[in-house]
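K.L.:
Sequence:
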Amino acid sequence: VCISKNPLCENPDNSYPSARTCNYTLFLPKYSSKEILEEKLLFAIEYNEGFGLQ
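Terminal number for the sequence shown in the numbering used here: 49, no gaps in between.
Some clues are possibly wrong.
[Stated by the list, open to error] Derived pair list, reagent style DSSO-like, types lysine-lysine, alpha-carbon separation capped at 27 Å: (1) K35 x K25; (2) K0 x K35; (3) K0 x K29; (4) K0 x K25.
Bear in mind the hints are in silico, worked out from the structure with no lab data behind them. Note that this is a predicted model, so its numbers are computed, not measured.
Given these sequences and hints, build the entire structure.
P.N.:
As structure tokens, then:
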């Protein structure tokens, strides 16, 4: 897994993490605190949409 900063993120604290499964990359905005990182990451994990496959 490669973790990279999201270069397109203008306001990191209002953004969520994203990922590319084809190359195992997780894009994380540069959050202002660990608490915001935890909140956004847990939300993204809990409410992910995935590929919609069943």
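K.L.:
Give a verdict on every hint.
P.N.:
Hint check results:
no.: 1; hint: K35 x K25; in the structure: holds, 12 Å
no.: 2; hint: K0 x K35; in the structure: holds, 14 Å
no.: 3; hint: K0 x K29; in the structure: holds, 15 Å
no.: 4; hint: K0 x K25; in the structure: holds, 7 Å
In summary, this structure violates none of the numbered hints.
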